[in-house]
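Chemist: Residue numbering for the sequence shown follows numbering that gives the first Met the number 0, beginning at 0 and increasing consecutively.
These aren't lab readings, by the way, just hints derived from the structure by calculation.
Please note that a few of the clues may not be correct.
Below, computed lysine to aspartate or glutamate pairings styled on DMTMM-like, alpha-carbon distance capped at 25 Å [stated by the list, open to error]: (1) K161 - D195; (2) K34 - E166; (3) K139 - D105; (4) K139 - E176; (5) K139 - D159; (6) K58 - D115.
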Amino acid sequence: MGKPPKRAIGAPRNTRRASGERAARARVLVVVGGKRTEDDYFRWVNQQIRGVNVRVVSKGRDPRGLLEEATRLRDEERATARRADDASNVYDAVWVVTDVDDFARDLAQLRGRRLDGIALAISNPCFEVWLVAHVDPNPKAAGAAVRGQARELGLVSGNDGKAPLLEQIAGRFAHAERTALRLRAQHAGVSEFPADAPSTNVDMVVRDLLDRAASSGMPVEDL
Numbered sequence: 000m001g002k003p004p005k006r007a008i009g010a011p012r013n014t015r016r017a018s019g020e021r022a023a024r025a026r027v028l029v030v031v032g033g034k035r036t037e038d039d040y041f042r043w044v045n046q047q048i049r050g051v052n053v054r055v056v057s058k059g060r061d062p063r064g065l066l067e068e069a070t071r072l073r074d075e076e077r078a079t080a081r082r083a084d085d086a087s088n089v090y091d092a093v094w095v096v097t098d099v100d101d102f103a104r105d106l107a108q109l110r111g112r113r114l115d116g117i118a119l120a121i122s123n124p125c126f127e128v129w130l131v132a133h134v135d136p137n138p139k140a141a142g143a144a145v146r147g148q149a150r151e152l153g154l155v156s157g158n159d160g161k162a163p164l165l166e167q168i169a170g171r172f173a174h175a176e177r178t179a180l181r182l183r184a185q186h187a188g189v190s191e192f193p194a195d196a197p198s199t200n201v202d203m204v205v206r207d208l209l210d211r212a213a214s215s216g217m218p219v220e221d222l
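With the hints as constraints, model all of the structure from the sequences given.
Modeler: Structural data, given as structure tokens:
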């Protein structure tokens, strides 16, 4: 049997579960900040991991606004499921993906709040730390420096350096995950946020998706 055709990045996919696939295909909401980089990346991940329905929503940059949007979409989905008398047909996980950049104070407050099941994935200082981690175990700690590093490594393009060149990181998730884990371990003793630069836990979002896909038995493309 041939493989199903690949979707173009950003191609629509019905994210509601049909009744016959409830046990097999998880549904995950990922609300991202940024103009393009994070949105393109997670749409690509969605394309590569066929065992999970991932809804990617881009909503500005402010972490509070991202959390509000994630909460609104989650609650809207719960209400739809209740009206359909199908309480199980809701998001299995909700992630908010954001950067420290200019929002350190807001994120420090959010980290101390109970987020009602919504998980935060934070890159410090910016998402480019995660991109660089795929090919270089030593991302820079300052925002301008790590963005320049991503450009020098050929990981982004465009005048603003916001278009990720995803073919450059394909097949290197394991490398990026190891780097992210090591960076977090290095900062384990840091008590004052956001003094943990460079760091990222975007790997936890992707690992969550991979684990859910593995449970469905669906193959994963080159990630």
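Chemist: Now, for every hint given, state plainly whether the structure supports it.
Modeler: Consistency of the hints with the structure:
1. K161 - D195: Cα-Cα ~23 Å, so holds.
2. K34 - E166: holds, 20 Å
3. K139 - D105: holds, 23 Å
4. K139 - E176: Given pair K139, E176 holds - Cα atoms ~17 Å apart, limit 25 Å.
5. K139 - D159: holds, 18 Å
6. K58 - D115: holds, 20 Å
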